[in-house]
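> Model the full structure from these sequences, guided by the hints.
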Amino acid sequence: MSRSSSVPLQTWLGWGVRVVISVLFLKAGWDKVADPGAFALSIQGYRMVPDGVTVVMTWVLPWLEIWCAVALWVTPLFRRSAWIWITLMLVAFTGAKTSAVLRGLDISCGCTSSETPLTWSGVVLNLLWLTLAVTGTALDRRWPR
Amino acid sequence: MKEPRETIVAGILLLLVTAAVSGGLQAWQSGVELRDILSVSPVESAAFEAGIPLLRTPEVRQIHADGTALFLDARAMQEYDQGHLPGAFSLPFHDFETAFPGVAPILSPTDPLIVYCSGPECDDALQVALRLRDAGFATVQVYLDGWEGWAQ
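Top to bottom, those sequences are chains A and B.
Counting from 1, one number per residue, gives the positions in the first sequence under this note's numbering.
Counting from 1, one number per residue, gives the positions in the second sequence under this note's numbering.
Please keep in mind that the hints were generated in silico from the structure rather than gathered at the bench.
There may be inaccurate statements among the hints.
Where chain A lies over chain B, by a calculated footprint (3+ residues, C-beta under 8 Å) [said to hold, decoys possible]:
#, region
1, 11-18
2, 24-32
3, 111-122
Label pairs and their computed distance ranges (CB to CB) [said to hold, decoys possible]:
#, chain 1, residue 1, chain 2, residue 2, range
4, A, 117, B, 66, 35 to 45 Å
5, A, 12, B, 133, 16 to 26 Å
6, A, 105, B, 94, 12 to 22 Å
7, A, 124, B, 138, 39 to 49 Å
8, B, 21, A, 117, 27 to 37 Å
9, A, 52, B, 21, 42 to 52 Å
10, A, 101, B, 28, 31 to 41 Å
11, B, 57, A, 19, 54 to 64 Å
12, A, 88, B, 96, 15 to 25 Å
13, A, 95, B, 17, 17 to 27 Å
From chain A, some residues computed to sit far from chain B (all C-beta separations above 12 Å) [claimed, not checked]:
#, residue
14, 15
15, 18
16, 19
17, 20
18, 24
19, 37
20, 61
21, 68
22, 75
23, 91
24, 103
25, 132
26, 135
The structure displayed is predicted, hence computed values, not measured ones.
Backbone N, C-alpha and C define an ideal beta-carbon position, used for all residues, glycine too.
Here it is, written out as structure tokens:
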């Protein structure tokens, strides 16, 4: 298969990954913006950071998710930066969830508005999102300008 | 063409600053005091959602002195033996099924019951209170400060 005929497949795949990740982060961010109190309690449930850090995370993290989701569709500069932030956030979320499950914490995920209990399936799902984010980042670097 | 590293770093910082400004504006406009929300313990939140009243030490001392409620200790038997509220009966949460038949004959569905465990971070008392309410006991409350609060 020639290189020129393989480009459309990568383009479609890249678009698909961008749509999935941006919708995921828009939904997750907006749910948290809508109910900061619940999100703050979710962060506290993980018992990983002091309350002062929890407060900062509660106000900043949802908007970072939202702006990164938007930035995926803006200029290549912001797209690259957004992919980096998205990947970093997913790594952090996966680590936090793994830690919580290993410690046997009976808490909800805190990812969206649904009160889903945190289990290993949640960790696996996060790894899936992380894989998609890494894939999206890699595809982004190969897109022609 | 590949962007220089400095440009990508600038983009990263710009996204963070934008998020911080957005979050700051939301915090300022919403008036939500997150520290107040966070200072409420998980047990208090769960009790509130479940509709189980919580009592603090001053009220409990008065009720205990008046003899107007029956006290139940939700801690493990070993902890109960080491010290408990005078007149309290042992009903350990982690041994509820075994212990409840022994305590049930002295309980009346209309008696005010107060359940406690070790302290504000312990939710065993709340779990026992919920089980008692499910079993038909109408007036069940939780002494939030628990043995730690009483013993001070």
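> Please go over all the hints and tell whether each is borne out by the structure.
Results of checking the hints against the structure:
Remark: the region 11-18 of chain B is confirmed as covered by chain A, as 6 of its residues place a Cβ nearer than 8 Å to a Cβ of that chain, reaching the required three. For the region 24-32 of chain B, the assignment as covered by chain A holds, since 5 residues bring a beta-carbon within under 8 Å of that chain's beta-carbons and 3 suffice. Closer than 8 Å: that is the beta-carbon criterion, and the region 111-122 of chain B has 0 residues meeting it against chain A, so the requirement of 3 is violated. Between residue 117 of chain A and residue 66 of chain B the Cβ separation comes to about 42 Å, which falls inside the hinted range of 35 to 45 Å.
Separation of residue 12 of chain A from residue 133 of chain B is about 56 Å and departs from the stated range, judged on CB atoms against 16 to 26 Å. Remark: the range hint 12 to 22 Å for residue 105 of chain A to residue 94 of chain B is upheld by a beta-carbon distance near 18 Å. Remark: the range hint 39 to 49 Å for residue 124 of chain A to residue 138 of chain B is upheld by a beta-carbon distance near 44 Å. For the pair residue 21 of chain B and residue 117 of chain A, the beta carbons lie near 34 Å from each other, so the given range of 27 to 37 Å is met.
Distance hint check for residue 52 of chain A and residue 21 of chain B: the Cβ-Cβ separation is about 19 Å, which falls outside the suggested range of 42 to 52 Å. Look at residue 101 of chain A against residue 28 of chain B: about 36 Å separates their beta carbons, and that is inside 31 to 41 Å. Restraint check, residue 57 of chain B to residue 19 of chain A: a C-beta distance of roughly 56 Å satisfies the suggested window 54 to 64 Å. Taking the beta carbon of each, residue 88 of chain A and residue 96 of chain B are about 45 Å apart, not inside 15 to 25 Å as hinted.
The supplied range of 17 to 27 Å is met by residue 95 of chain A and residue 17 of chain B, whose beta-carbon atoms lie about 25 Å from each other. Every beta carbon of chain B lies more than 12 Å from that of residue 15 of chain A, the smallest distance being close to 20 Å; the non-interface claim holds. Listed as a non-interface residue, residue 18 of chain A keeps its Cβ farther than 12 Å from every Cβ of chain B; the least gap is roughly 16 Å. Non-interface call for residue 19 of chain A relative to chain B: holds, since the shortest CB-CB distance, roughly 19 Å, exceeds 12 Å.
Every Cβ of chain B is farther than 12 Å from the Cβ of residue 20 of chain A; the closest lies at roughly 20 Å, confirming the non-interface assignment. Every Cβ of chain B is farther than 12 Å from the Cβ of residue 24 of chain A; the closest lies at roughly 17 Å, confirming the non-interface assignment. Interface exclusion of residue 37 of chain A from chain B breaks down, the closest Cβ pair being 5 Å apart, not more than 12 Å. The beta carbon of residue 61 of chain A is not kept farther than 12 Å from every beta carbon of chain B, the shortest such distance being approximately 8 Å.
Once the 12 Å rule is applied to beta carbons, residue 68 of chain A is inconsistent with being away from chain B; the minimum gap is 6 Å. Not every C-beta of chain B lies more than 12 Å from that of residue 75 of chain A, the closest at about 9 Å, which undercuts listing it as non-interface. With a least CB separation of 15 Å from chain B, residue 91 of chain A remains clear of the 12 Å interface cut-off, as annotated. Separation of residue 103 of chain A from chain B is adequate, the least Cβ-Cβ distance of about 15 Å exceeding the 12 Å criterion.
Every beta carbon of chain B lies more than 12 Å from that of residue 132 of chain A, the smallest distance being close to 19 Å; the non-interface claim holds. The Cβ of residue 135 of chain A lies farther than 12 Å from every Cβ of chain B, with a closest approach of about 19 Å, so its non-interface assignment holds.
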